[in-house]
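Sequence lines, in order, name chains E and P. Position one of the first sequence corresponds to residue 21 (the working numbering), numbered consecutively onward. Position one of the second sequence corresponds to residue 4 (the working numbering), numbered consecutively onward.
Hints are computed from structural coordinates only; laboratory data are not their basis. Watch out, some of these pointers could steer you wrong.
[To be verified] Partial chain E-side listing against chain P, Cβ under 8 Å, derived:
1) Ala76
2) Arg102
3) Phe108
4) Pro128
5) Tyr130
6) His136
The beta-carbon is built from N, C-alpha and C at its ideal position, and this holds for glycine as well.
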Amino acid sequence: MIELGDVRKVFNAGRPNEFVAVRGISLSVEAGKATFLTGPSGSGKTTLLGLIGCMARPSSGRIWLQGRETTSLPERFLTDLRRRTFGFIFQQLNLIRGLSALENAMLPAYPTGEAHRSIRKRALELFETFGLSPKEHARAEWLSGGEAQRLTIVRALINDPAVIIADEPTAHLDTALTLDFLDVLGRLKAQGRTILIAGHDPLVSESPVVDRVVSLRDGMIEGGAG
Amino acid sequence: MSRWIERQRNILDLTLSSLLRRKRKNAALFAAYTLIVFLLASVMFMSHALKREAASILAGSPEMIVQRISAGRHDLIAADAAAKLSELPGVQEARPRLWGYYYDPVTGANFTLVASGEAGLDPGRIAVGEGVARMRLASVGDSIEFKAHDGSLLELEVGEILPRGSALVSSDLVLVTEADFRRLFGTPAGLATDIVLRVRNARELPTIALKAAEIYPDTRQVLRDDLLRTYQAVFDWRGGLLVIILGGGLLAFIIFSWDKATGLSAEARREIGILKAVGWETSDVILMKSWEGMAVSLTAFLGGVLLAYVHVFLTSGVLFEPVLKGWSVLYPAFRLVPYIDLSQLAALFFLTVLPYTVATVIPTWRAATVDPDQVMR
Chain E
21 MIELGDVRKV
31 FNAGRPNEFV
41 AVRGISLSVE
51 AGKATFLTGP
61 SGSGKTTLLG
71 LIGCMARPSS
81 GRIWLQGRET
91 TSLPERFLTD
101 LRRRTFGFIF
111 QQLNLIRGLS
121 ALENAMLPAY
131 PTGEAHRSIR
141 KRALELFETF
151 GLSPKEHARA
161 EWLSGGEAQR
171 LTIVRALIND
181 PAVIIADEPT
191 AHLDTALTLD
201 FLDVLGRLKA
211 QGRTILIAGH
221 DPLVSESPVV
231 DRVVSLRDGM
241 IEGGAG
Chain P
4 MSRWIERQRN
14 ILDLTLSSLL
24 RRKRKNAALF
34 AAYTLIVFLL
44 ASVMFMSHAL
54 KREAASILAG
64 SPEMIVQRIS
74 AGRHDLIAAD
84 AAAKLSELPG
94 VQEARPRLWG
104 YYYDPVTGAN
114 FTLVASGEAG
124 LDPGRIAVGE
134 GVARMRLASV
144 GDSIEFKAHD
154 GSLLELEVGE
164 ILPRGSALVS
174 SDLVLVTEAD
184 FRRLFGTPAG
194 LATDIVLRVR
204 NARELPTIAL
214 KAAEIYPDTR
224 QVLRDDLLRT
234 YQAVFDWRGG
244 LLVIILGGGL
254 LAFIIFSWDK
264 ATGLSAEARR
274 EIGILKAVGW
284 ETSDVILMKS
294 WEGMAVSLTA
304 FLGGVLLAYV
314 HVFLTSGVLF
324 EPVLKGWSVL
334 YPAFRLVPYI
344 DLSQLAALFF
354 LTVLPYTVAT
364 VIPTWRAATV
374 DPDQVMR
């Protein structure tokens, strides 16, 4: 499904503050499985997720998505691919304040040119699935931690992506909410979606939902290529 | 095509929600913007409509006026000069006129007095403009007292109040008979204020003016086009005076909007990052911000222009009347004929809507060209 070949990412290349975040990682992520990237802060987890999710380009190396090389695609195609293939769940949730929960959830679908009514219908179905129906008109900042977390999941699913990328999704959740989240992940996996999670929460890494744990340190995979 | 329209609709929809989030800030911006457009458009509409009004009135005035000049000042002319001037080739009619200004100590206003044979007035009767009737609280049948040149009082009866059609000029007008005019001002018989000429062919005017100057070297010839130019220059000057004052306000507004639009807040940058991260292209983000800028500036422009239209043509430009209409104490109450110059409106549009939209888009473009993965950090 996703293949990485000797991927490197260097920030501020050639400047005094040059920083190598990812040092030649090669990795294969299987479709329909949940992969957990773990490692200490600064080990390159978030950068790697960003590279896989077409949010940034590697400084060198190649990434293939379903056999198609993505690293050399122009920005427009890359954005389109990101929009249709990936759903993102961010550590900081990244909801837009002042907008309603429903509008936040519909955001990723707006530029696709799909009819507003059909996006709204799909969003309301997802709200129903995730128990958010009573909150559709509530502003994002009025939601509780658990509700906001579920809203980011709805937003990640609005374009029906094949891959879910979650960066430290349980960092701000208590045990009960983390277990709820893992339950949702299990359901998404059962739908055939590929799941990539980064974090260091043992509740997640030891969960039966996770099929594989990849450990990173200093921008490399511990124990060689994955 | 339908996907393109849907995309625009979706993004516009979000833009409106986004604007409503910051109601107070946007309302203040909108109000300031509308006020500036309103003031500029009012000056523009008013000076233009006044110029047109003056031009349409002058269109009915004589093509040439011959005035005697004595020691560089306008002096009375022999009325029989009209007969001699009418013999010039190309002249259709030459007629002596008697007119002057009367300072009314009761109201402190100046009236324009014209001796008119055409009005069909009986001796001792006058026809007055709407403004004169208003200020002297006079209606048909009432008498108005005038102080003659020798200090005696002359009582004249109002026989008619002039229609309001050309209020700008006729408002302060008093039509009297020739005999009453001469009695009031002591103008000797056989002398007139000036002589007006009508010609068959307007192209011959310069030649006729030259010939008139040859016969009467102590006269000047005032052509209608000269009057028109003078009127326009006066209105342009007054309009320009207001524009300069408003220019200061406009400049302050430009600095204000530039500051508001260019200084993207940390919150705005974060939002742009989120949109990019969830799959928006740079062009989508710019489109949204353009809509946002357009929504504020375009509605403010339309609102300001609409208010200016109401102000100028429905309330007779109540705010600018004293400056634009004249220095006289006697302000005619009249309504201007609605007229809009599209090229001036377009200039106003480009001066107000475009800079704001550009000022909104450039910083957005700079913020939106960053890698979306920055939002994950």
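Quick rundown of the hints versus the structure:
1. Checking Ala76/E against chain P by beta carbon gives a least distance of about 4 Å; that is within 8 Å, so the hint holds.
2. A distance limit of 8 Å between C-beta atoms decides the matter here; for Arg102/E the minimum to chain P is near 5 Å, and the interface restraint holds.
3. Checking Phe108/E against chain P: minimum C-beta separation of about 6 Å stays under 8 Å; hint holds.
4. Of the supplied interface hints, the one on Pro128/E holds, with its beta-carbon coming within about 4 Å of a beta-carbon of chain P, less than 8 Å.
5. The beta carbon of Tyr130/E comes within 4 Å of a beta carbon in chain P, closer than 8 Å, and the hint placing it at the interface holds.
6. With 8 Å as the threshold, the beta carbon of His136/E comes within range of chain P, its nearest partner Cβ sitting at about 6 Å, so the hint holds.
The structure shown violates none of the earlier numbered hints.
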